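Both chains are sitting in their own frames, so use the hints and assemble them into the complex.
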Amino acid sequence: MRLEEIKLENYRQHKDLSLNFSRKLGEKDLHIIVADNTFGKTNILNAISWCFYGQEPHLQNESLAVSRINTSVVNETRLAGGGKIKVSVQLTFREDNGDRLTFKREETYNVSNTACVAIGSGIHFSMPGPGGVESVEDKDTFDAKVTEFVPQEIHEFIFFDAERLKNFFGSQMQKNVKTGIYNFTQANVLDKAARAFKDYLNDEIEPQISKSGDTDVDKAQRAKKAAEKARDKQQETVDGILHSIRIAEEEIARLNGIIGNHENIGEKEKKRQSLAVEIKEKETELKECNQRLMVLCRSLYVFTRLFPSVKNYLRFIRDAETNNGKTVAVDREELKKYIDNRHCDVCNTDLTESALSYIQHIIDQNTISARLSSQMQIDKNSIMSAFHTYKDDLDEFHKKNDKADELSLKIEELLNEKAEIDDFLAHVPDTETIKESISQRKEFEQSRNTELQKLGIEKQQLEKLEKALSDAEKDYNLVLAKHKNLSELLEDKRVCDNARKALEQISKEVLKECREVMQQKTYDIFCKIMTRKGRYNSFEIEEDYNVKLYDNLGNQTLGSCSAGETNILAYSFTLALQQVTGKDSLLFIDTPLGRIDVKNRENIINHLVNIADDKQVILLFTPSEYTENAANIIAGRYSSYNNYTSNE
Amino acid sequence: MAINETIISKLKEKIKDESTEKIIEEVLNTVEKGGSPKPAIKKIFKKTK
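Those protein sequences? They're chains A and B, same order as listed. In terms of our numbering, the first sequence opens at residue 1 and continues consecutively. In terms of our numbering, the second sequence opens at residue 1 and continues consecutively.
Because the hints were derived from the structure by calculation, they are not lab data. Note that the coordinates shown come from a computational prediction; the quantities given were computed from them, not determined experimentally. Cβ coordinates follow ideal geometry from the N, Cα and C atoms, glycine included. Please note that the accuracy of each hint is not assured.
What the hints assert, rightly or not - Think about it this way: if two alpha-carbon atoms lie no more than 25 Å apart in a straight line, the pair counts; the simulated BS3-like pairs of lysine-lysine are:
| hint | chain 1 | residue 1 | chain 2 | residue 2 |
| --- | --- | --- | --- | --- |
| 1 | A | Lys-508 | B | Lys-46 |
| 2 | A | Lys-192 | B | Lys-10 |
| 3 | B | Lys-22 | A | Lys-198 |
| 4 | A | Lys-464 | A | Lys-211 |
| 5 | B | Lys-10 | A | Lys-211 |
| 6 | A | Lys-198 | B | Lys-16 |
What the hints assert, rightly or not - A partial selection of chain A residues facing chain B, derived with a Cβ cut-off under 7 Å:
| hint | residue |
| --- | --- |
| 7 | Lys-192 |
| 8 | Ala-193 |
| 9 | Asn-498 |
| 10 | Ala-502 |
The following block holds chain B by itself, in its conformation from the complex (with noise of 0.2 Å):
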């Protein structure tokens, strides 16, 4: 199952920065797919650095 879109469009709505929307999306697909979130929010800092 993938993140609704009603979330995604609030997302948009609320996060006026792309890149942090990106993470978010990233993090909730990972929570979503039952993954661990906070390995993969340090994973996805490192990768944007």
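Here chain A stands alone, though its shape is the one from the complex (with noise of 0.2 Å):
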């Protein structure tokens, strides 16, 4: 189906809009609109769903509460002393035999001065019929054709709001994927065929076998009944397992929602303290030894501003005794004798006045020589005792500067991977509610796998009761063939044992099947549209379209990838569902781009475009979405094109 026309007359902020959607000849199929958020973009979905159901998903809060009517025309119309105004939504559709279908909603107002109360609504219907188009207003025979037309559980994978997809893979649109297969596929027919046949077999047949008053037949019929009541009891008591296990993953799957990449907030959090506390301890540490090197870096100042004048000394020590300068040994003493005794006891004879004087001085000279050498030997020793400390020093100087260089590069890298995850805890939108959420969905895990154990053993539990009744009607059935004259009844039994289970089967079967063909085209999709090649390995519909994600590593991302990678997804499920409900109709995006990442808006608008050649395709774009390389990609492609944008 195509659609050719939207028609709005005062329906919120369109007086009076008209947009076409014919196909130009050689073109694609694709139609763009290019409209400020002011415009009402949103509001032509609300109107085609009010158009079809009356109800208008797409409001935001603030507008629920605002009337439909153009609140413009209302005020003229007061101008002009009030009168009736109708609202109305007009959608032309052309289905690929030709046949041209218009669906239109109205709804009509008094406005007064003081009111503006709605007085009347109306629907219609027209189609091509045998003698000519046939007009339908009657509520449930126009409620009938939009339900086979578009119906309402999967309106949204038609005429979508690309906004509201971060939503798309949430519990509702699951049930409504799943009701909307459910129908597509006449599940639902075989299901309430199957149930008529079992209630006629209850409700009619055995009744009347029961007449019979065999007492054979009426035990045999009890130990069936018993045995079908046994396993109906424990078939719900499976359904309640798997009822808590369906609820539990819900809830784990909108807490995923929640987590998002947000995932080891807690970790990040004690890695924080932890690193807080090294970075302190490190810090002291280096204060430590800061304080050390400047206690060294004074005395090895002191000591190098000495160091000239103390190897002067040195050296002069040095010099003093490996030369002549050493001090001779002489005992004072006996010199002194000598002067008293005016005689030198060595050479026997007695000493002139130039002699004494000479003895005299050798006397004074030795004095002097070893009090000075005697302090050159503690000068030395304090020197060279000095010399060790500062080569001690010095050594312990290297070391602890060494030390303080390496705590500066590790309390720079403790600092940096601090700053990594401040950054990371700065951008959680609520931490506490993260925190919070992952202590929730620990709960619901296990909660989810004790009721999956609980379930292996109900089940088992359940073919055994299944056997049991199995067994039963075996006997039931064998007991009733040997009474000839419930051979009728019998038979009639027979059809509908044969019939409630070839469509009950038949159910599983069909709904399986679109299951799996859904999951392989899906991502098919998907793989084709994405830029990240070769991420994820494989897309899971479970029993209750329950979606799931892997990636290479087997592990479940959907919840957790990116809103643009969310966003392809979604696009993808929708052309899958489109094509396997056999409802391969138009695609109606708003926003199509607006929560997808800039590495993928190419290849959207060019899945898109190319999308465009068999099926119609219109997209509402805002002007920031619209941006030059958008308008490239799709410059001469397209049948129709209507800016509504300030600037133009």
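Okay, here's the thing in structure tokens:
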């Protein structure tokens, strides 16, 4: 089907808007609308939904309270003294066989100076019939036609708001898809028919058999009913567990949505704390190290400043020790005795005045040299000791200096690591909520695992009871077969049994096949559009239409992958759903690139443009989305282009 | 809308008996058109006797 025209009259912002989506010969069935946010693009989606179902699901909360009637028309009418205003939305479609279908919904308001009250509403559907155009104006037929044409459960997969794609894989959407698929595959018809055969058997045939009055029949029937009851009860138990598991998984999926990529927030916070402690310790260590370095510096500085003098002095001492400057070892008392006696005992001669004077000189010199020598020895030892200390201090200085460098580097490293974590935590929208969600998820996971364990046991029990029921049914049929008077009823029973079983099996099969096709088609389209090839390994649709996207490591990533990737998956899912359900209809997307990252935008546009070869694609862009790059890709490849921006 | 061809062929595969198959098809068509299936079954059984 194609959407040919949308006509809005006095509907919200649109006093009189007509959008035509005719396909130009030789052009793609692509239609572009670029409009400011104030234009009311999303209200076009609301108008479509209102026309079909009388509902406006895309309204913002603040608009809910506002009447759908155009306010400027209300004001004009008031200025003119009041009157009646009609709000209407008309959608014209063309089927593949060329039939033109029109859906129209209208509402009439009475406008006075003080009030604006809805006083009536109406619907209208027209399509070509054998005797010309057939018109329908009663609600039930209109609703039936809408359901046949665009079932409400999946209308958001045809007319959708890309801004709401973050909720695309939420539980409500899953339910809608499940219901949609259930109806489209006619599994609903199969199940209803199966139930009818079962009811007919229980309500009509079995009571007639009971009336036969045969004891063995009665006994076998009772045994079968008891087995049936036990099986049904067990089935209820299993269904209850499955329900609990589904609820737990829905909650886990919801919490995953909240947690997003802030999974390890608790660990990050612990790490931040431990880093803060480690940084403090290292800083204290560095401070102590620097203090010691200062002491060593002072000491080394003093010694270094004194070093030239000390060095000279030491050299002087060493010279004195090694050359003739060495002090003569003389006995001063002996020399004094020579002076007193004026006689030299060594050479046994009397001493002259000049000799006495010389000996006195030697005694004097000897006295100074001995004190000097002694002092120099002390000094030398002190200096040597100071040298050793200097050397030790210098060694320690180098070591401490290296340590200080090492500590500075380590602190810098730790500070960087902490800064990264700080940055991560600063971007967590609500730390407490995330932590709480993680803790809640753990509880749900535990509860799901417990239920899964229970499920295994209860399923085994169910199998046993099913086997018992099957045996009881066989016995029952054998007993019935012995009674010729019940042959007709037995035949009816056989038909009902076989019909029910076949219908139930077919229902399961068509649903399973549909799911498998959906799964494969979604994944194929997704891989085709995605820029980052090879990151994802498979896409799975579970029995309850809970979807899972696995990466190459086997991790379930839906909920943690980027908004752009989720959008692409949603588009892929939509296209697959349209193909599978046979509603291979148009695609009407409001803000198609709204949440798509720059890398994937080009891919998405190219893909949507290519889709427009076989399918009508209507795209409603905001000016910021419709970039030069987007315009270049689309240029000359569309059938219609409407610009409603203020610049234009 | 008629009953899907896939369903009909699956039905033929599973129900080898033609008369049962016809009964089921009739009930399916009744359900599909929004009719009540139980009276339809009753009617079909009566008709076949």
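Hints, verified against the model:
1. A:Lys-508 with B:Lys-46: 30 Å, violated
2. A:Lys-192 with B:Lys-10: 17 Å, holds
3. B:Lys-22 with A:Lys-198: 17 Å, holds
4. A:Lys-464 with A:Lys-211: Violated. Lys-464 of chain A to Lys-211 of chain A sits at ~31 Å, over the 25 Å cutoff.
5. B:Lys-10 with A:Lys-211: Measuring from Cα to Cα gives roughly 36 Å; hence the hint is violated.
6. A:Lys-198 with B:Lys-16: 20 Å, holds
7. Lys-192: It holds, given that the least Cβ distance between Lys-192 of chain A and chain B is near 5 Å, below 7 Å.
8. Ala-193: 5 Å, holds
9. Asn-498: 6 Å, holds
10. Ala-502: 4 Å, holds
When the structure is compared with the earlier hints, violations turn up for hints 1, 4 and 5 and for no others.
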